[in-house]
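There are 2 protein chains.
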Amino acid sequence: MPEPISNPPVRVGLCGLGVVGQGVWQHLDSKAGTLSQRLGGPVVPVRAAVRDPAKPRDIVVPLERLSDDPLALAVDPEIDILCELMGGTGLAREVSLAALGAGKILVTANKALLCEHGAELFLAACRGGGQIFFEASVAGGIPIIKALREGLVANHFPIIEGILNGTCNYILTRMEREGLEYPEVLAEAKRLGYAEADEALDVDGWDSAHKAVILAFLAHGIWVPLPRVRLNGIRRLTQDDIAFAHTFDYRIKLLANIRRDFERGHLAVSVWPTLVPRREVLGNVNEVYNAVAITGDVVGPTVYIGRGAGRDATASAVISDIADAVLWLRGRRGLPLQTPPEAEAACELAPAEAIENCFYLRLTVEDAPGVLAQISSALSAHHVSIASVLQRPGRQAGEACLILTTHRTNQAAMDETLSSLGGLSCVLADPQLMFIGGDLD
Amino acid sequence: MPEPISNPPVRVGLCGLGVVGQGVWQHLDSKAGTLSQRLGGPVVPVRAAVRDPAKPRDIVVPLERLSDDPLALAVDPEIDILCELMGGTGLAREVSLAALGAGKILVTANKALLCEHGAELFLAACRGGGQIFFEASVAGGIPIIKALREGLVANHFPIIEGILNGTCNYILTRMEREGLEYPEVLAEAKRLGYAEADEALDVDGWDSAHKAVILAFLAHGIWVPLPRVRLNGIRRLTQDDIAFAHTFDYRIKLLANIRRDFERGHLAVSVWPTLVPRREVLGNVNEVYNAVAITGDVVGPTVYIGRGAGRDATASAVISDIADAVLWLRGRRGLPLQTPPEAEAACELAPAEAIENCFYLRLTVEDAPGVLAQISSALSAHHVSIASVLQRPGRQAGEACLILTTHRTNQAAMDETLSSLGGLSCVLADPQLMFIGGDLD
Numbered sequence: 002m003p004e005p006i007s008n009p010p011v012r013v014g015l016c017g018l019g020v021v022g023q024g025v026w027q028h029l030d031s032k033a034g035t036l037s038q039r040l041g042g043p044v045v046p047v048r049a050a051v052r053d054p055a056k057p058r059d060i061v062v063p064l065e066r067l068s069d070d071p072l073a074l075a076v077d078p079e080i081d082i083l084c085e086l087m088g089g090t091g092l093a094r095e096v097s098l099a100a101l102g103a104g105k106i107l108v109t110a111n112k113a114l115l116c117e118h119g120a121e122l123f124l125a126a127c128r129g130g131g132q133i134f135f136e137a138s139v140a141g142g143i144p145i146i147k148a149l150r151e152g153l154v155a156n157h158f159p160i161i162e163g164i165l166n167g168t169c170n171y172i173l174t175r176m177e178r179e180g181l182e183y184p185e186v187l188a189e190a191k192r193l194g195y196a197e198a199d200e201a202l203d204v205d206g207w208d209s210a211h212k213a214v215i216l217a218f219l220a221h222g223i224w225v226p227l228p229r230v231r232l233n234g235i236r237r238l239t240q241d242d243i244a245f246a247h248t249f250d251y252r253i254k255l256l257a258n259i260r261r262d263f264e265r266g267h268l269a270v271s272v273w274p275t276l277v278p279r280r281e282v283l284g285n286v287n288e289v290y291n292a293v294a295i296t297g298d299v300v301g302p303t304v305y306i307g308r309g310a311g312r313d314a315t316a317s318a319v320i321s322d323i324a325d326a327v328l329w330l331r332g333r334r335g336l337p338l339q340t341p342p343e344a345e346a347a348c349e350l351a352p353a354e355a356i357e358n359c360f361y362l363r364l365t366v367e368d369a370p371g372v373l374a375q376i377s378s379a380l381s382a383h384h385v386s387i388a389s390v391l392q393r394p395g396r397q398a399g400e401a402c403l404i405l406t407t408h409r410t411n412q413a414a415m416d417e418t419l420s421s422l423g424g425l426s427c428v429l430a431d432p433q434l435m436f437i438g439g440d441l442d
Numbered sequence: 002m003p004e005p006i007s008n009p010p011v012r013v014g015l016c017g018l019g020v021v022g023q024g025v026w027q028h029l030d031s032k033a034g035t036l037s038q039r040l041g042g043p044v045v046p047v048r049a050a051v052r053d054p055a056k057p058r059d060i061v062v063p064l065e066r067l068s069d070d071p072l073a074l075a076v077d078p079e080i081d082i083l084c085e086l087m088g089g090t091g092l093a094r095e096v097s098l099a100a101l102g103a104g105k106i107l108v109t110a111n112k113a114l115l116c117e118h119g120a121e122l123f124l125a126a127c128r129g130g131g132q133i134f135f136e137a138s139v140a141g142g143i144p145i146i147k148a149l150r151e152g153l154v155a156n157h158f159p160i161i162e163g164i165l166n167g168t169c170n171y172i173l174t175r176m177e178r179e180g181l182e183y184p185e186v187l188a189e190a191k192r193l194g195y196a197e198a199d200e201a202l203d204v205d206g207w208d209s210a211h212k213a214v215i216l217a218f219l220a221h222g223i224w225v226p227l228p229r230v231r232l233n234g235i236r237r238l239t240q241d242d243i244a245f246a247h248t249f250d251y252r253i254k255l256l257a258n259i260r261r262d263f264e265r266g267h268l269a270v271s272v273w274p275t276l277v278p279r280r281e282v283l284g285n286v287n288e289v290y291n292a293v294a295i296t297g298d299v300v301g302p303t304v305y306i307g308r309g310a311g312r313d314a315t316a317s318a319v320i321s322d323i324a325d326a327v328l329w330l331r332g333r334r335g336l337p338l339q340t341p342p343e344a345e346a347a348c349e350l351a352p353a354e355a356i357e358n359c360f361y362l363r364l365t366v367e368d369a370p371g372v373l374a375q376i377s378s379a380l381s382a383h384h385v386s387i388a389s390v391l392q393r394p395g396r397q398a399g400e401a402c403l404i405l406t407t408h409r410t411n412q413a414a415m416d417e418t419l420s421s422l423g424g425l426s427c428v429l430a431d432p433q434l435m436f437i438g439g440d441l442d
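Protein chains in written order, with the working numbering: chain E, 2 to 442; chain P, 2 to 442.
Hints may be right or wrong, so weigh each one.
Heads up, simulated SDA-like pairs for lysine to any residue below, C-alpha to C-alpha not over 20 Å straight-line [stated by the list, open to error]:
#1 P:K32 to E:D298
#2 P:K32 to E:E264
#3 P:K32 to E:C348
#4 P:K32 to P:D59
#5 P:K32 to E:G301
Among the chain P residues that face chain E by a calculated CB cut under 7 Å, a handful are [unchecked claim]:
#6 H28
#7 R39
#8 P144
#9 N285
#10 V289
#11 V300
#12 G301
#13 T303
#14 I306
#15 G307
#16 R308
#17 A314
#18 I320
#19 S321
#20 L330
#21 G332
None of these hints come from the bench; they were simulated from the model.
This one's a predicted model, so the numbers in the text were calculated from it and none came from an experiment.
Glycine included, each C-beta is placed from N, C-alpha and C at the ideal position.
Could you put together the complete structure from these sequences and hints?
Right under this line is the structure:
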């Protein structure tokens, strides 16, 4: 038996020692033996930059290993790998660019940073001879980026769908199981620490959109600008929507959808509440779990499920990046992302006319004769074909709740329909629109 | 923007050009541009060894690229990567050892080969300075080996469970949906090409056991001898079992289970029909799909789903191995498996007394007074505690069908109980035993 490989220690610096940073430091420490054996040499967390070194923490880090200067840490010659775990897109960007400029390997869990400055960062990595690893930026502990980049390297990806935000999935699960309205569940989620004090990033879909942009980049090689992601959150969902979903054997999920039409060269990215059939795997992913369904043209449908956030799940992903970085440092292996991503991008963003879906539309309307006729005329004027209608009494006297589902129709027609409906005096509130998933039509 | 990396072509030889081999050759050809771009240089299938070069095939391979001498191909200096896709464990072993002896990289989808000769092959890889990649050997196109080895590198793995055989899952799904008995569904599966002419490898659980042994090696570093895998297949399941499962909201799955008790240092591997709660993800994986549920001590529960077999799903996995091999060739990166696997193995196989489960037991018994008393005495004599009893008329006059479920009990007690039951004259046929999954007890 040959001798085991033994390499010199690889030195890791952490920018940020919050919940995730502490998890990474602790697991690098507690799994030191296992990791050294699995990677053929030690990996050591040597230093961390924090805002206040004196602040008490859950884990013990000797004071001499702490600094309050992240930019100095980023270029520290005694650091091989820099983990950016600060969050935000200001100082985090500076620190990341500094590290890449110094030829270091950057590991980041920061999806907003990648989404807004990805192109700049990857260029800096190319120029400096470093690398960027970012497994923890999408779907927490699920090794989805590795699956997409490496495990499915033989594939093109016509459809990627994902439940990418654990907070939203938790809220939707509780609304369904407990029959509670959104505000009550949100309050509960905040109490339990499943939602941030400012919940907008999660419930309005921005966090999912950041992750969808990263997945779209990995699959198709272009950075979709955030304003081009069709985006809606879960704030306005009610028990009326939940009840409809239940009756017709769906569950409501905030679903990111990345669709590439290879014939027309179109790419479309959306994050939208979607009726997902319960018999499908994604319809059974509940609570804080995330899931990504990737269809490859060679492999067919695949699904990946796990915890999408939290200290340990995220730390697991960050450490897998550190491990890849260690092997990359040793071998300088040519990772796919070193090829300029533009080379892949033989596609443009799809116009609204080219994006088709079946839709769910809930309207709060005046409870008066002729209202259904007005609504259905508005739909037919834009060639939107109705698949089903359900009307029931509204929440207030004089109101009715009208739920329509459509046959397959394009997004432009639906946009125009919504605009026409908004002009009708019998429509009393903004419509609630959902996509209908599965093979309904 | 720096120049894209451009490396010299990497040359691939295929031993075996059956269904999977043809898929690999074809997709390497049709995706040549994409793969060259993603990997920073071309990957070319240059030669294949087949039994009969003149045989007509679905894909066109020039005759001068075919040979009938796999051993010569294995050591051919014009080949960098050898894909062993012949199957079997005789010639396939010789070819693999020859390639590794010549310092080549071996890519294989052959689970039986790895399971029986894995230790020898990995030693040969270490000695020759080559590598072995085997993503396609477990769960087809699902990149499960990459997830386990790389994506979850920070974890230890207390539980791995998997639906690892598509043929069995197809048969069980059809039995449930159509209410047909096993022999009818098997005949149908053979007609449709979902089952081999000799179905034993699949339905008796051997194929799942091979894959479970490979997963156990990856997770825990030891090769469990096949006779130490607790093994049972699906041949003897009937609509009585399906009906019970349905009534109590379970589905029957042939489940591989790899359990490690880190405190006691025990490892246990089994493949057994199991009642899986329908609310769990694995309970919703049907038809020919495979699924693997990996619980990591850091990441928590994760699940991976996809097609477990078939030309294209398997080719997708083989090509991902070829891609890894290309990057490894360029960087000679030190992959985890180069450390001697024994180093991880601080565990021994668990004795039957240490393996606990809840059990389902279906007995065909004499329909006579006192029978239930005899049966329940046999259980209590071995301290097996009954959780539920269901008795109904049997298939023949004078017979009863008796279904018992137990509280958590150990495998040794259950083995002894089965042996006692076998000695009772009122027990008319071999009992059908299943594990009960989920958190029943």
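Hint-by-hint comparison with the structure:
1. Distance restraint check for P:K32 and E:D298: the Cα-Cα separation of roughly 11 Å lies within the 20 Å cut-off, and the hinted pair is therefore satisfied.
2. For the given pair, P:K32 sits about 16 Å from E:E264 by alpha-carbon distance, which is consistent with the 20 Å threshold.
3. Among the hinted pairs, P:K32 with E:C348 is consistent with the structure: their alpha-carbon atoms are about 17 Å apart, no more than 20 Å.
4. For the given pair, P:K32 sits about 18 Å from P:D59 by alpha-carbon distance, which is consistent with the 20 Å threshold.
5. For the given pair, P:K32 sits about 16 Å from E:G301 by alpha-carbon distance, which is consistent with the 20 Å threshold.
6. A distance limit of 7 Å between C-beta atoms decides the matter here; for P:H28 the minimum to chain E is near 6 Å, and the interface restraint holds.
7. Interface restraint check for P:R39: the shortest CB-CB distance to chain E comes to about 5 Å, inside 7 Å, so the restraint holds.
8. Satisfaction of the interface hint for P:P144 is found here, the shortest Cβ-Cβ separation to chain E being roughly 2 Å, below the 7 Å cut-off.
9. With 7 Å as the threshold, the beta carbon of P:N285 comes within range of chain E, its nearest partner Cβ sitting at about 5 Å, so the hint holds.
10. Evaluation of the P:V289 hint against chain E yields a violated restraint, the C-beta minimum of about 10 Å exceeding 7 Å.
11. Annotation: interface hint on P:V300 holds; nearest CB of chain E at approximately 4 Å, less than 7 Å.
12. A cut of 7 Å between beta carbons decides the hint on P:G301: the least distance to chain E is about 5 Å, and the hint holds.
13. Evaluation of the P:T303 hint against chain E yields a held restraint, the C-beta minimum of about 4 Å falling below 7 Å.
14. With 7 Å as the threshold, the beta carbon of P:I306 comes within range of chain E, its nearest partner Cβ sitting at about 4 Å, so the hint holds.
15. Residue-level restraint check for P:G307 holds (minimum Cβ-Cβ distance to chain E is 4 Å; threshold 7 Å).
16. Hint on P:R308 holds. Least Cβ distance to chain E is approximately 5 Å, under the 7 Å limit.
17. Contact between P:A314 and chain E, as hinted, is supported at the beta carbon level, the nearest pair being about 5 Å apart and thus within 7 Å.
18. Satisfaction of the interface hint for P:I320 is found here, the shortest Cβ-Cβ separation to chain E being roughly 4 Å, below the 7 Å cut-off.
19. Here the hint on P:S321 is kept, as its CB sits about 5 Å from the closest CB of chain E, short of 7 Å.
20. The closest approach between the C-beta of P:L330 and any C-beta of chain E is roughly 9 Å, which is over the 7 Å cut-off, so the hint fails.
21. Because the beta carbon of P:G332 sits about 3 Å from the nearest beta carbon in chain E, less than 7 Å, this interface hint is met.
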